[in-house]
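K.L.:
Chains as they are written, first to last, in UniProt numbering: chain E, 1 to 136; chain P, 1 to 421.
No lab work stands behind these hints: they were computed from the structure. All values derive from a computational prediction rather than experimental measurement. Do not take every clue at face value.
Unchecked claim - Across the chosen pairs, the derived CB separations fall in these ranges: (1) P:184 <-> E:10: 43 to 51 Å; (2) P:236 <-> E:83: 25 to 33 Å; (3) P:53 <-> E:35: 37 to 45 Å.
Said to hold, decoys possible - Some chain P residues close to chain E (C-beta under 8 Å, calculated; not the full set): (4) 107; (5) 108; (6) 234; (7) 235; (8) 322; (9) 325; (10) 328; (11) 329.
As the list claims (entries may be wrong) - Here are a few chain E residues that sit away from chain P, every Cβ distance over 12 Å (derived from the structure): (12) 2; (13) 4; (14) 5; (15) 9; (16) 11; (17) 12; (18) 17; (19) 73; (20) 89; (21) 110.
No residue lacks a Cβ here, since even glycine has one placed at the ideal position from N, Cα and C.
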Amino acid sequence: MELSLSARDAEGYLILDVAGEIDVYTAPQLRERLIALVEGGARHVIVNLDRVEFLDSTGLGVLVGALKRLRGVGGELFLACGQERLLKIFRITGLDRVFTMFPSVEAATAGGQGGSGTGTPAPDADGGADPAASAG
Amino acid sequence: MNAPDIAPMSATRNTTGIWPRTAFGPDVPARRSAPPRERLRVLLIEDDAGDAFLVSELLAEADAPVDLRTATSMADAAPHLSEVDCVLLDLDLPDASGLDGLRQLLASTTGVAVCVLTGLADEPLGIAAVAEGAQDYLIKGRVDGVLLARAVRYAVERRRAEDSARRLREAELRAAEASRLERGLLPQPLIATAAVSLHTFYRPGRKGVLGGDFYDAIETGPGQLSLLVGDVSGHGVEEAALGVELRAAWRALTLAGVAGEQQLAALDRVLISARRSEEIFATVAAVEVDLTGTGRATVRLCGHPAPLLITDDRVAPVDAEPRLMLGVLPGVPRPAHGVELPERNWAVLIYTDGLIEGRVPDDPDGRLGIDGLTELVHAYRRRGGPLDGLPDWLVGQAEERNGGPLADDVAMLLLTKGSGR
Numbered sequence: 001m002e003l004s005l006s007a008r009d010a011e012g013y014l015i016l017d018v019a020g021e022i023d024v025y026t027a028p029q030l031r032e033r034l035i036a037l038v039e040g041g042a043r044h045v046i047v048n049l050d051r052v053e054f055l056d057s058t059g060l061g062v063l064v065g066a067l068k069r070l071r072g073v074g075g076e077l078f079l080a081c082g083q084e085r086l087l088k089i090f091r092i093t094g095l096d097r098v099f100t101m102f103p104s105v106e107a108a109t110a111g112g113q114g115g116s117g118t119g120t121p122a123p124d125a126d127g128g129a130d131p132a133a134s135a136g
Numbered sequence: 001m002n003a004p005d006i007a008p009m010s011a012t013r014n015t016t017g018i019w020p021r022t023a024f025g026p027d028v029p030a031r032r033s034a035p036p037r038e039r040l041r042v043l044l045i046e047d048d049a050g051d052a053f054l055v056s057e058l059l060a061e062a063d064a065p066v067d068l069r070t071a072t073s074m075a076d077a078a079p080h081l082s083e084v085d086c087v088l089l090d091l092d093l094p095d096a097s098g099l100d101g102l103r104q105l106l107a108s109t110t111g112v113a114v115c116v117l118t119g120l121a122d123e124p125l126g127i128a129a130v131a132e133g134a135q136d137y138l139i140k141g142r143v144d145g146v147l148l149a150r151a152v153r154y155a156v157e158r159r160r161a162e163d164s165a166r167r168l169r170e171a172e173l174r175a176a177e178a179s180r181l182e183r184g185l186l187p188q189p190l191i192a193t194a195a196v197s198l199h200t201f202y203r204p205g206r207k208g209v210l211g212g213d214f215y216d217a218i219e220t221g222p223g224q225l226s227l228l229v230g231d232v233s234g235h236g237v238e239e240a241a242l243g244v245e246l247r248a249a250w251r252a253l254t255l256a257g258v259a260g261e262q263q264l265a266a267l268d269r270v271l272i273s274a275r276r277s278e279e280i281f282a283t284v285a286a287v288e289v290d291l292t293g294t295g296r297a298t299v300r301l302c303g304h305p306a307p308l309l310i311t312d313d314r315v316a317p318v319d320a321e322p323r324l325m326l327g328v329l330p331g332v333p334r335p336a337h338g339v340e341l342p343e344r345n346w347a348v349l350i351y352t353d354g355l356i357e358g359r360v361p362d363d364p365d366g367r368l369g370i371d372g373l374t375e376l377v378h379a380y381r382r383r384g385g386p387l388d389g390l391p392d393w394l395v396g397q398a399e400e401r402n403g404g405p406l407a408d409d410v411a412m413l414l415l416t417k418g419s420g421r
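My request is simple: use the sequences and hints to build the entire structure.
P.N.:
Here is the structure:
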């Protein structure tokens with residue numbers, strides 16, 4: 001299955017709509033696109049996972065890489081995802097406490113600026129530290 | 001013209017790196033010998049029109065099955081190099097003299113046989129050319145049509161044989177590497193107790209690529225077992241090597257008595273210091289089992305699916321809280337989850353996500369998932385199959401639903417006590 005990626009601007013955010021399966025074969029496309037967006041100046045990026053049908057550990061790695069990259073330049077990555085089967089993956093991997101997650105793009109644009117939306121966990125020992133600081 | 005003293009030289013190559021991996025283009029069958037009357041595509045690189053004419057006449061005279069094309073310089077030849085089986089190379093060209101032309105050719109072509117043409121006084125140059133990688137040399141003016149045609153064919157055959165031998169060596173090296181890594185990822189468990197049975201399982205992913213799944217198990221003391229199943233994200237030799245590092249570090253830490261959160265923190269550091277990219281992570285399920293008394297397990301999940309606890313009347317994932325995978329935030333706390341084990345009959349199945357990521361056409365989620373796996377184990381229990389056959393059966397069922405081999409590799413540890421083992 002193919003991966004389809006399209007970027008758009010909305011309310012000060014760069015929204016990347018992702019559709020299809022993010023796996024070991026398609027993850028490189030997502031990585032390149034996210035890197036290009038950051039290099040092109042995007043700082044507040046929402047990755048919309050609503051039409052993603054599958055996400056494996058390689059795909060998670062790309063998203064974490066993008067998060068670190070954005071935080072490294074003073075930006076932020078938000079995830080929009082209302083699908084239970086994907087949310088389950090974020091819970092199992094513990095990454096639901098690392099990403100700032102929203103149930104939809106609308107919720108993300110309404111509450112994401114400044115990185116303290118409703119989906120953001122309160123900083124605590126589990127999720128409050130900055131993954132960008134873990135480099136190396 | 002006769003020159004019976006030209007015999008094919010045995011080509012020796014002291015370098016392999018200059019030959020890229022792919023040998024012939026897709027239209028040229030590279031893995032078999034050329035049939036006797038296969039037409040060979042030959043490119044003559046020769047700036048002397050008289051010599052070029054002579055070569056074409058010789059080949060025509062011998063009725064050689066050769067399609068000849070002529071270029072007068074290296075630059076002129078460059079666009080055609082990918083379309084030929086053999087190059088006849090003059091060593092005195094306007095844009096390359098001596099062995100320079102040969103070196104350019106060897107650096108820019110893949111799978112093309114090369115015969116160099118030298119003057120009568122330059123035979124040592126021909127020998128030097130063979131030492132550098134040409135398949136053969138011919139001395140101008142001392143070759144007839146039949147010999148020339150035969151030399152071309154020999155050169156092509158020799159080149160193909162060399163490529164086959166190189167591919168075979170590479171395949172052998174890859175197999176040896178994979179087997180070495182596999183031993184590192186999937187060691188012999190250090191468990192001697194007869195109170196429980198441990199069954200191990202590993203299946204590489206589709207295309208036989210070794211993934212980064214690993215497991216290990218150690219009896220740390222009387223009635224005390226430590227088990228680990230893990231998965232490095234991505235597939236490839238580097239990921240497998242990283243899996244070996246993590247697995248070996250876990251064994252060393254466990255034998256040294258470092259357990260629990262300290263151990264996971266150490267594995268986090270090992271991963272972060274050893275990985276080549278910040279996008280590489282690992283998930284692990286670490287299970288400590290205390291067989292003394294009533295029996296108790298301690299489970300720590302780092303981004304890993306929860307092991308299944310199988311008892312006489314129940315199959316369910318262990319209710320441990322998921323904690324962050326390794327390699328994201330060092331120092332994250334990962335408290336343990338305790339599980340009381342039944343006194344007599346139980347089994348714990350620790351697995352990697354390759355098992356649950358297989359496709360299931362009729363499922364709303366499209367994948368087997370944890371629920372689907374749990375149901376499968378139920379079904380197996382109802383059939384009354386022996387527990388030691390469970391891992392094989394599960395993979396068989398997952399593959400059947402997937403319509404073929406699973407994409408990712410699968411590792412499992414199944415620890416059983418009491419009936420069914």
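K.L.:
None of the hints should be skipped; say for each whether it holds.
P.N.:
Cross-check of the supplied hints:
At roughly 49 Å, the beta carbons of residue 184 of chain P and residue 10 of chain E sit within the given window of 43 to 51 Å. Checked against the hint of 25 to 33 Å, the pair residue 236 of chain P and residue 83 of chain E passes, with Cβ atoms roughly 29 Å apart. Range check, residue 53 of chain P to residue 35 of chain E: about 57 Å between beta-carbon atoms, so the 37 to 45 Å window is missed. For the restraint placing residue 107 of chain P at the interface with chain E, the shortest Cβ-Cβ distance is roughly 29 Å, beyond the 8 Å limit, so the hint is violated.
Hint status for residue 108 of chain P: violated, given a least beta-carbon distance of 28 Å to chain E, over 8 Å. A distance limit of 8 Å between C-beta atoms decides the matter here; for residue 234 of chain P the minimum to chain E is near 5 Å, and the interface restraint holds. Against a cut-off of 8 Å between C-beta atoms, the interface hint on residue 235 of chain P holds, since the closest Cβ of chain E lies about 6 Å away. At its closest, the beta carbon of residue 322 of chain P sits 5 Å from a beta carbon of chain E; the interface hint therefore holds under the 8 Å criterion.
Interface hint at residue 325 of chain P: satisfied, since its Cβ lies 5 Å from the closest Cβ of chain E, which is below the 8 Å cut-off. At its closest, the beta carbon of residue 328 of chain P sits 6 Å from a beta carbon of chain E; the interface hint therefore holds under the 8 Å criterion. A distance limit of 8 Å between C-beta atoms decides the matter here; for residue 329 of chain P the minimum to chain E is near 5 Å, and the interface restraint holds. Once the 12 Å rule is applied to beta carbons, residue 2 of chain E is consistent with being away from chain P; the minimum gap is 15 Å.
Non-interface call for residue 4 of chain E relative to chain P: holds, since the shortest CB-CB distance, roughly 17 Å, exceeds 12 Å. Distance check on residue 5 of chain E: its Cβ is at least 17 Å (rounded) from any Cβ of chain P, clearing the 12 Å threshold; non-interface status holds. Consistency note on residue 9 of chain E: stated as away from chain P, and its beta-carbon is indeed over 12 Å from all of that chain's, at 26 Å minimum. Non-interface status of residue 11 of chain E relative to chain P is upheld: no Cβ of that chain comes within 12 Å, the nearest being about 29 Å off.
With a minimum CB-CB distance of about 27 Å to chain P, residue 12 of chain E clears the 12 Å threshold, and the non-interface call stands. Listed as a non-interface residue, residue 17 of chain E keeps its Cβ farther than 12 Å from every Cβ of chain P; the least gap is roughly 20 Å. Residue 73 of chain E, annotated as away from the interface, keeps every beta carbon of chain P farther than 12 Å; the closest lies near 15 Å. A cut-off of 12 Å between C-beta atoms contradicts the statement that residue 89 of chain E is not in contact with chain P; the least separation is 9 Å.
Under the 12 Å C-beta cut-off, the non-interface status given to residue 110 of chain E relative to chain P holds; the minimum distance is some 27 Å.
Violated hints, in rising order: 3, 4, 5, 20; the structure is consistent with all others.
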